[in-house]
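*Asks:* Protein sequence lines, in the order shown, are assigned to chains A and B.
Counting the first sequence from 1 gives a position; our numbering is that position plus 93.
Counting the second sequence from 1 gives a position; our numbering is that position plus 93.
Think of the hints as simulated: they come from the structure by calculation, not from any bench.
Please read these numbers as outputs of a predicted model, since none were measured by experiment.
There could be a bad hint or two in this list.
Since the list gives no way to pick one copy over another, a pair counts as held whenever it fits inside one copy or between any two copies.
[As the list claims (entries may be wrong)] Once the Cα atoms are required to be at most 16 Å apart in a straight line, the calculated EDC-like pairs of lysine to aspartate or glutamate come out as:
| no. | residue 1 | residue 2 |
| --- | --- | --- |
| 1 | Lys102 | Glu113 |
| 2 | Lys136 | Glu113 |
| 3 | Lys102 | Glu442 |
| 4 | Lys248 | Glu389 |
| 5 | Lys102 | Glu332 |
| 6 | Lys439 | Glu454 |
| 7 | Lys387 | Glu165 |
One-letter residues, chain by chain:
2 protein chains.
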Amino acid sequence: MTNWFRLTKTARDSAARLGELVTPHGTVPTPIFMPVGSQATVKAVTAEHLKDIGIPLILSNTYHLYLRPGIEIIQKLGGLHHFMNWDRIILTDSGGFQIFSLARLQAINDEGVRFRSHIDGSEHFITPELAIQFQEVLGADVIMALDICPSLQDKAEKVEEATLRTHRWAERCLRVHSRIDQALFGIVQGGFVPELRRQSARYLVSLDFPGYAIGGLSLGEPKQSTQDMIDVTIPLLPENRPRYLMGVGSPEDILSGVSRGIDMFDSVLPTRVARNGSLFTARGRLNIRNAMWKEESAPIDPTCNCYTCRHFSAAYLHHLFRAEELLAYTLATIHNLHFMHDFMGKVRESIAEGGFGAFEESFLAGYQTTDEKVRVAQKQKWLEKWKQSEIDA
Amino acid sequence: MTNWFRLTKTARDSAARLGELVTPHGTVPTPIFMPVGSQATVKAVTAEHLKDIGIPLILSNTYHLYLRPGIEIIQKLGGLHHFMNWDRIILTDSGGFQIFSLARLQAINDEGVRFRSHIDGSEHFITPELAIQFQEVLGADVIMALDICPSLQDKAEKVEEATLRTHRWAERCLRVHSRIDQALFGIVQGGFVPELRRQSARYLVSLDFPGYAIGGLSLGEPKQSTQDMIDVTIPLLPENRPRYLMGVGSPEDILSGVSRGIDMFDSVLPTRVARNGSLFTARGRLNIRNAMWKEESAPIDPTCNCYTCRHFSAAYLHHLFRAEELLAYTLATIHNLHFMHDFMGKVRESIAEGGFGAFEESFLAGYQTTDEKVRVAQKQKWLEKWKQSEIDA
Chain A
94 MTNWFRLTKT ARDSAARLGE LVTPHGTVPT PIFMPVGSQA TVKAVTAEHL
144 KDIGIPLILS NTYHLYLRPG IEIIQKLGGL HHFMNWDRII LTDSGGFQIF
194 SLARLQAIND EGVRFRSHID GSEHFITPEL AIQFQEVLGA DVIMALDICP
244 SLQDKAEKVE EATLRTHRWA ERCLRVHSRI DQALFGIVQG GFVPELRRQS
294 ARYLVSLDFP GYAIGGLSLG EPKQSTQDMI DVTIPLLPEN RPRYLMGVGS
344 PEDILSGVSR GIDMFDSVLP TRVARNGSLF TARGRLNIRN AMWKEESAPI
394 DPTCNCYTCR HFSAAYLHHL FRAEELLAYT LATIHNLHFM HDFMGKVRES
444 IAEGGFGAFE ESFLAGYQTT DEKVRVAQKQ KWLEKWKQSE IDA
Chain B
94 MTNWFRLTKT ARDSAARLGE LVTPHGTVPT PIFMPVGSQA TVKAVTAEHL
144 KDIGIPLILS NTYHLYLRPG IEIIQKLGGL HHFMNWDRII LTDSGGFQIF
194 SLARLQAIND EGVRFRSHID GSEHFITPEL AIQFQEVLGA DVIMALDICP
244 SLQDKAEKVE EATLRTHRWA ERCLRVHSRI DQALFGIVQG GFVPELRRQS
294 ARYLVSLDFP GYAIGGLSLG EPKQSTQDMI DVTIPLLPEN RPRYLMGVGS
344 PEDILSGVSR GIDMFDSVLP TRVARNGSLF TARGRLNIRN AMWKEESAPI
394 DPTCNCYTCR HFSAAYLHHL FRAEELLAYT LATIHNLHFM HDFMGKVRES
444 IAEGGFGAFE ESFLAGYQTT DEKVRVAQKQ KWLEKWKQSE IDA
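So that you can see chain A by itself, here it is in the shape it has in the complex (with noise of 0.2 Å):
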């Protein structure tokens, strides 16, 4: 099998580590973030404003793609890196994580899952074998086996038969894949439960798969609840292969995942934020639609070296939100895309030089959330009024 990924430095202080994920479009270092493309687009950016960003790898999906425009309009098309225009690196996703959260979902059996569209509503059944075979036809360079992904409200009986669902699931990817020039990763679940966990790492890992994800750990759960999982899950990991953290994207997040040896995250996060006027910089997330923003005339981060913070004041941005401007969705969106990478390549920097764990401490110490300094601020004004108004009756 084709050598997928160098493991090259491992931390003294922290299970963090550096490497190099080798693919036939590029190779990349990691630890690193994916930003996602669900529809074939990550959204409100153009392919050469991600490159000019330095992003080499994103990550669209299978669910998406297969109810609109559908695989094989995409094979018609030439595969998905022609359909895009994306000559980088491309992760699908398999399809399991949205059939699960997005889809109404009807019935499942060992076979595969019958659901409905969450756009027309048309039904739609799904084995591990069509998953794996939608992947090749998109052509990506990283593919996921189908897994089952319990939800939070799920007992125990339940996840644990999802699990060893899951478990046959991944074995009949493996049996069919053939592309060799795709990596297929296998999906560790497991819900909350430690001994499936470990249970579900250990059988994963008897398959030997190039690439191991862990899955089922963005559902809103409590932040110890995801450590407790990663926790119990790497050390049953292979060194020599890559760990994928799915569905996770907040800096802290993330720092949290490099520490307990993750080499690979994705999240919508960075992007649907952005969307909403809330940006990221080192001192934490604001939100340039608020008033505080009106008149500034420096960026929203004056220390920052993107597109947007080079060219505009945080007033334009703040009058394009205000308007409503297509423009806001973009300038926004290529501002957190390049944090992240930034971000990311402070964080391999400190694994690089020894310093991860400094790194982390004082990144977070820096890291707050603007808003709520804002949001704290108004209500005391709001409550100092209210006082007065009292006073005054």
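With the hints as your guide, set chain B onto chain A.
*Replies:* Same frame as chain A, but now just chain B:
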């Protein structure tokens, strides 16, 4: 007075002419089409996209910028060029047209006009002096006098009153305008009354503006009326000053205007229809949302050299529109603006080569609304089915 315009050639087969508009932010060849960026951004594209197309000049709007973010804020931010990061030419409309079309008009007298904002209903009073003051602060290269735009329903008496008031306002605008790095254009009004249009042209010319606009001709009136009003106006305007037909921007109407001696055009049409999926091609406008494009691997227009057509299939664009992805609006806007830019280049080339009449004829012969053809075909199909069901029954 600075020379803002050089007439370089006049056609022999029509009143079409070639010229150059000379401004502090560059010299542009005329006839020219100006994309509209009402709120300090051309919707859905960045300045780099516009520059990549080759666009030298955009239009922005005093009415919109006055209401949001406010003239003072743009002043604090260093003027409109700096605020929106556009170092090429800007023309600002005075806001006259918007006050009479978009805002809720409250009262109008010789002093000025009272209206309510279309955004929040707040009341405002604008005078010709204020309109100039605002535009001096914004700092566009070409600015417009404050005019009154009668509606199609207005009686002759009211149109005359508005026209005469527009003249008095034009004089006041000229009197207070002090920035010598800005060209202030007068606007010929007069509704659809030929004698009033003539009177308006003569009066404004007597004031000696560096350029003349023809206003009030994009209200949905019959095309013949527009052409008649241009025809009575043009002979009265000096040859060596630019002529700007406001709010007109379809390829057909531009050809008609050019043949009558117009040098400058602006319209939201190419960008607005782009966001609805209506795309300009040499064969007419097509709607990319139509199912006929679902599997089309060729670009929208295989002869087009724009960013969108060089990189993406019609099927991809169709997918983006169906999936309501923001990138759809960006790619469609780039294409339509590139089409207009390219089209104006061909218009100028044909005038230079003495073949404008032939170009106009051949362009119009090839240009038809593809949508129209599709609708006809669909209707035909539907009629056949209907006939069939009658036979079946």
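*Asks:* Are the hints correct? Go through all of them and say.
*Replies:* Consistency of the hints with the structure:
For the homomeric pair Lys102 and Glu113, the shortest alpha-carbon distance inside one copy (10 Å) is at most 16 Å, but the shortest distance between copies (63 Å) is not. Taking identical chains as interchangeable, the C-alpha atoms of Lys136 and Glu113 are never at most 16 Å apart, the minima being 27 Å within one chain and 40 Å between chains. With identical chains, the CA atoms of Lys102 and Glu442 are at most 16 Å apart within one copy only, with a shortest distance of 11 Å there and 62 Å across copies. For the homomeric pair Lys248 and Glu389, neither the shortest alpha-carbon distance inside one copy (52 Å) nor that between copies (48 Å) is at most 16 Å.
Taking identical chains as interchangeable, the C-alpha atoms of Lys102 and Glu332 lie at most 16 Å apart only when both belong to the same chain, with a minimum of 11 Å there against 75 Å between chains. With identical chains, the CA atoms of Lys439 and Glu454 are at most 16 Å apart within one copy only, with a shortest distance of 13 Å there and 61 Å across copies. Taking the shortest Cα distances, Lys387 and Glu165 sit within 16 Å of each other only across copies (11 Å), while inside one copy they are farther apart (48 Å).
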